[in-house]
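Chemist: Sequence:
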Amino acid sequence: MADTALSCPNNKENPTAAKNGPVLGGSPNAEAVTDPKVYDTALTKKITRKLDIALLPLLGIMYLLAFLDRTNIATAKLNGFEADLAMPSNGYNTALWVFYLPFVVLEVPCNLFLSWGMVRPSLWLGGIVFVLGIASTCQGLTRSPGGLYACRALMGVVEAGVQPGAALLMGQYYRRSEFAPRFSFFICCALLGNTFSAFLAYAIGNMDGVHGLEGWRWIFILEGVVTGCFGAVLAMFTPDWPEKAHFLDPHERESFLNRLKIERGQEKSNMQNVEWIKCILNWKTWAVTFIYFCSDMSAASTVSFSPTILSQLGYTGNRANVMLIPIYLVGAFIMVASGWIAGRLNNRSIVIAFGAAISIVGWSIQRAQVQPAGVRYFGLYMIYWGANIQMPNCVAWFHSNVIGRPENAVGMAIIAGFGNACNFVSSNVFITSEAPRYPTAFSVGLAIQSVGLISCIALTTFLHVLNTRTGTKTYYL
Numbered sequence: 001m002a003d004t005a006l007s008c009p010n011n012k013e014n015p016t017a018a019k020n021g022p023v024l025g026g027s028p029n030a031e032a033v034t035d036p037k038v039y040d041t042a043l044t045k046k047i048t049r050k051l052d053i054a055l056l057p058l059l060g061i062m063y064l065l066a067f068l069d070r071t072n073i074a075t076a077k078l079n080g081f082e083a084d085l086a087m088p089s090n091g092y093n094t095a096l097w098v099f100y101l102p103f104v105v106l107e108v109p110c111n112l113f114l115s116w117g118m119v120r121p122s123l124w125l126g127g128i129v130f131v132l133g134i135a136s137t138c139q140g141l142t143r144s145p146g147g148l149y150a151c152r153a154l155m156g157v158v159e160a161g162v163q164p165g166a167a168l169l170m171g172q173y174y175r176r177s178e179f180a181p182r183f184s185f186f187i188c189c190a191l192l193g194n195t196f197s198a199f200l201a202y203a204i205g206n207m208d209g210v211h212g213l214e215g216w217r218w219i220f221i222l223e224g225v226v227t228g229c230f231g232a233v234l235a236m237f238t239p240d241w242p243e244k245a246h247f248l249d250p251h252e253r254e255s256f257l258n259r260l261k262i263e264r265g266q267e268k269s270n271m272q273n274v275e276w277i278k279c280i281l282n283w284k285t286w287a288v289t290f291i292y293f294c295s296d297m298s299a300a301s302t303v304s305f306s307p308t309i310l311s312q313l314g315y316t317g318n319r320a321n322v323m324l325i326p327i328y329l330v331g332a333f334i335m336v337a338s339g340w341i342a343g344r345l346n347n348r349s350i351v352i353a354f355g356a357a358i359s360i361v362g363w364s365i366q367r368a369q370v371q372p373a374g375v376r377y378f379g380l381y382m383i384y385w386g387a388n389i390q391m392p393n394c395v396a397w398f399h400s401n402v403i404g405r406p407e408n409a410v411g412m413a414i415i416a417g418f419g420n421a422c423n424f425v426s427s428n429v430f431i432t433s434e435a436p437r438y439p440t441a442f443s444v445g446l447a448i449q450s451v452g453l454i455s456c457i458a459l460t461t462f463l464h465v466l467n468t469r470t471g472t473k474t475y476y477l
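Counting with the UniProt record's numbering, you get residues 1 to 477 for the letters of the sequence shown.
Note that these hints are calculated values from the structure, not bench results.
These figures come from a predicted structure and were not determined experimentally.
Any given hint might turn out to be false.
The calculated label-pair distances, taken between Cβ atoms and stated as ranges, are [what the hints assert, rightly or not]: (1) Leu345 <-> Ala42: 24 to 30 Å; (2) Thr470 <-> Trp286: 30 to 36 Å; (3) Trp286 <-> Asn467: 16 to 22 Å; (4) Asn467 <-> Gly91: 47 to 53 Å; (5) Met118 <-> Leu329: 35 to 41 Å.
Just so you know, even glycine gets a beta-carbon here, dropped at the ideal spot from N, CA and C.
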């Protein structure tokens, strides 16, 4: 059997699939293939609309709030929490990496736990978001750096299941051609979270002194309370696995499940399926993860340190928060557009490479310390825009080439978890004593993104050669 990750495991077993490419992905049921309901275009569009309504708003808002809670520490920094908590000089960087340590390590176990059916997706996602809200709120109540670190660590533990869990659930409902633009929308919600973070920080920051609390405390408290309440909403309304799609009538559910069966074939979703082990051992999984890592380095650096960079360019306090809003808003539009374009082209790799090139230009502007300050401000745009083009398309590229719930669970968790390990780098290369030029940070960012572009081109070339040799579209580019 061929490799699990970035391949179609059943092409050798199914001559039809080998001839037509991996879109069938297995040995489909003969009745399902000939069932006219599967090819009813009007019915398919109706089902897809119902999927979008049932899944995207809930998962999108969930990720918006989770990302808001993860990153609002950057805007709270501008409101003086370091001085109020008597943080050491490296305390802010420490608060960043104590979140990402459990976040990176636990993503694969969390998604395996979910894929093995030990808990319903609705209860899983709702529960971890509820706890996330509590931990985020407690950040605003802590009185010491140690208390802040403890809250951040707990947030990392529970948020480890958010992005990969949502990606796994979406991957079970949508076909390959449908997944990329919708996952781009999902990730785009994180950008909107950044936008709201900057806007809310501006508004809530003016609550300084209300009930005797500093303004930065209200940022954590109010945003955390909203997240916790939404966790209860998720537990009640999030759809579970496709087999129990309650929002479809019996006729629609039959057609929907047959459609998935045709594309994926007969796939197992329990612990007896050991294909996920092959996914972990497959170097192509790690190649995509590394490309994601390089792109997320650009995104993480922008989110965590743009407020600091802007303040040193002369945009201080709440004005720096406001200056972030257009970066995130335009980035959200570009992310959705890139997912749509990749879907239309049926090619993720070329879009990823284009995004990497844009980020490289942005990093080069920062490294060269181009003046005036407005040029460096635009450089932040380019770094972030390029990252937003790459990240969702990396996940979609992997999903397009993988069959089976366990494999998707592990692969997406690896990408999200180890890809986010870039935050260990970004939180340590912005050295306080090097402000405002940050030569180490900008050199490292430029180098990592350049290697990411080279890796994308190399992997694309290799997969294209394999397709050419076999004469089949075994691998999606």
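Chemist: Against each hint, give a clear statement of whether it holds in the structure.
Modeler: These are the hints, each one checked on the structure:
| no. | hint | verdict |
| --- | --- | --- |
| 1 | Leu345 <-> Ala42: 24 to 30 Å | 26 Å, holds |
| 2 | Thr470 <-> Trp286: 30 to 36 Å | 23 Å, violated |
| 3 | Trp286 <-> Asn467: 16 to 22 Å | 20 Å, holds |
| 4 | Asn467 <-> Gly91: 47 to 53 Å | 51 Å, holds |
| 5 | Met118 <-> Leu329: 35 to 41 Å | 39 Å, holds |
Violation of the numbered hints given earlier is confined to hint 2; every other hint is satisfied by the structure.
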